[in-house]
Amino acid sequence: MTSTQQIPGPLSLVCEVTHRCPLHCVYCSNPLVMQQAEAELPTEAWTRVFTEAAQLGVAHLHLTGGEPLARHDIADLIRAGRNAGLYVNMITSAIGLSEPRLAALVEAGLDHIQLSLQDADEVLANRWAGARTHAKKLEMAALIKAQPHLAFTVNIVVHRQNLDRLEEMIALAESMGPERMEIAHVQYYGWALKNRDLLLPTREQLERSTKTLREAQERLAGRIHLQAVVPDYYARYPKACVGGWGRQLMLIDPAGRAMPCHSASIISGLAFDNVRDHDLAWLWHESSAFHRFRGDDWMQEPCRSCERKTVDFGGCRCQAMQVLDDADATDPACHLSPHHEQLIKIAEAAPAGTNTLHYRTIELLSHS
Amino acid sequence: MIEDLQQVPQLARGCRVQARSEEEIVLLVPEGLLRLKGAGAEILALVDGQRTIAQIVETLQAQYPPEAHTQIATEASSFLASLHQRSVLLFRQP
Ligand code: SF4
Ligand code: SF4
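As they're listed, the protein sequences go chains Y and Z.
Quick note: the first sequence uses our numbering, first residue 1, plus one each step.
Quick note: the second sequence uses our numbering, first residue 1001, plus one each step.
If you're looking for bench data, these hints aren't it; they were derived computationally from the structure.
Idealized CB from N, CA, C, for every residue including glycine.
Just so you know, not all the hints are guaranteed correct.
As the list claims (entries may be wrong) - Anything over 10 Å on all C-beta distances counts as not near chain Z; from chain Y, calculated:
(1) Thr51
(2) Leu56
(3) Ala59
(4) Asn89
(5) Asp111
(6) Pro148
(7) Leu150
(8) Phe152
(9) Ala171
(10) Leu213
(11) Ile224
(12) His225
(13) His340
Stated by the list, open to error - Cβ pair distances, simulated, as ranges:
(14) Gln300/Y <-> Asp1004/Z: 38 to 44 Å
(15) Ala103/Y <-> Gln1006/Z: 43 to 49 Å
(16) Gly222/Y <-> Gln1018/Z: 22 to 28 Å
(17) Ala135/Y <-> Gly1032/Z: 44 to 50 Å
(18) Asp1004/Z <-> Pro100/Y: 55 to 61 Å
(19) Pro1065/Z <-> Pro100/Y: 53 to 59 Å
(20) Ala142/Y <-> Ala1019/Z: 57 to 63 Å
(21) Pro1065/Z <-> Asn274/Y: 55 to 61 Å
(22) Arg276/Y <-> Gln1006/Z: 56 to 62 Å
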């Protein structure tokens, strides 16, 4: 596929409406260099973006951050998304939420709320989040549970330090009353990469957790849909890059830069165009960052002649960049990659212990 | 498969049907969209939080000749079951 003129528009638009966040998660996937508050797009710019997104065929709007609640206009943004005809999802830590504020968001048209859970144990949960948030989160969950029209998902973020408490975490999540639970392993970009050696689960842990998951899935079937993603360090094949680079998703960062992926800025040589200068259709069809890994012309062997290339799209570009310093290489998580061993070694050499966690801190740079 | 046909299906919170164009009817759910082809939209239109699964099947069957009835029953209940499995439809006792 060389011509991108005819490609369909994206289905999802992820908007990082701010990088401000009261938490300091040890596995935050935001870039190490974050956007400052003053550089954030104003309400009207986001509103225009949502309208253009709907015209381009987007169905889902994901409001994320940072903490989207850090914006005072979050209800206006939700309303603008809904008015444009989009399905509006918000991913939040619930810090900054209150009963009246939740009511305002629902009234504005919020369809779905996603809350992340750091641990079953309060002290530890606060430790992973780098802030005292656990109790507040449970309080807010009770309010969300009582909302008759708002879909509710609890995301459980797992890693070496909490995976042994998976059962307790699932039980806690269950008591929060969601229809969906998502168990996600930390992805090792951004801050998490700095902490990779401490967060990567061991193979035994994973095997045990797989059993726990199966049992929970059976027990919860028909009441709570439980979805789990295996960390790709131990998988045979890499995960499909969010439906393929430039195929289904567009992300807008707080300053308005349009990106094919949330960590695309780690790939050297990519230039991002801005919604301040272009409309969404132009960005999707013309912006060079979206062309960079679209289709399969860029692929090297073994991907180029592999039949799975339309299934996993050669895996994650950011992981190839981070581990191999070559964004065009086959994702080393793939067992067919000549560098697969290198990744397994990183995974298996990881020591246990929690002494030197790097917390996300605000390291602001003037925006690029 | 569904064992108890007396259960009442209802769309879960945050799941809604939307027409994206004249030909394209979708069910919007938190994790994405499900394209509803022909019968899918018809079946969902009967899900109102009142009708039981059995009633939904009967209503559909009434619109088709008898030789299609078995097939309709199988297809409709497997469609409902698959949505139930994803927590898009909740089943409750009447
Ligand atoms: S390149 Fe990697 S991080 Fe980026 S979207 Fe694809 S899979 Fe995700
Ligand atoms: S070689 Fe490339 S396309 Fe084939 S399975 Fe591995 S990553 Fe996917």
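Verification of the hints:
no.: 1; hint: Thr51; verdict: holds, 16 Å
no.: 2; hint: Leu56; verdict: holds, 12 Å
no.: 3; hint: Ala59; verdict: violated, 5 Å
no.: 4; hint: Asn89; verdict: violated, 6 Å
no.: 5; hint: Asp111; verdict: violated, 5 Å
no.: 6; hint: Pro148; verdict: violated, 7 Å
no.: 7; hint: Leu150; verdict: violated, 6 Å
no.: 8; hint: Phe152; verdict: violated, 7 Å
no.: 9; hint: Ala171; verdict: holds, 18 Å
no.: 10; hint: Leu213; verdict: holds, 16 Å
no.: 11; hint: Ile224; verdict: violated, 6 Å
no.: 12; hint: His225; verdict: violated, 4 Å
no.: 13; hint: His340; verdict: holds, 30 Å
no.: 14; hint: Gln300/Y <-> Asp1004/Z: 38 to 44 Å; verdict: violated, 54 Å
no.: 15; hint: Ala103/Y <-> Gln1006/Z: 43 to 49 Å; verdict: violated, 36 Å
no.: 16; hint: Gly222/Y <-> Gln1018/Z: 22 to 28 Å; verdict: holds, 25 Å
no.: 17; hint: Ala135/Y <-> Gly1032/Z: 44 to 50 Å; verdict: violated, 33 Å
no.: 18; hint: Asp1004/Z <-> Pro100/Y: 55 to 61 Å; verdict: violated, 41 Å
no.: 19; hint: Pro1065/Z <-> Pro100/Y: 53 to 59 Å; verdict: holds, 56 Å
no.: 20; hint: Ala142/Y <-> Ala1019/Z: 57 to 63 Å; verdict: violated, 35 Å
no.: 21; hint: Pro1065/Z <-> Asn274/Y: 55 to 61 Å; verdict: holds, 59 Å
no.: 22; hint: Arg276/Y <-> Gln1006/Z: 56 to 62 Å; verdict: holds, 57 Å
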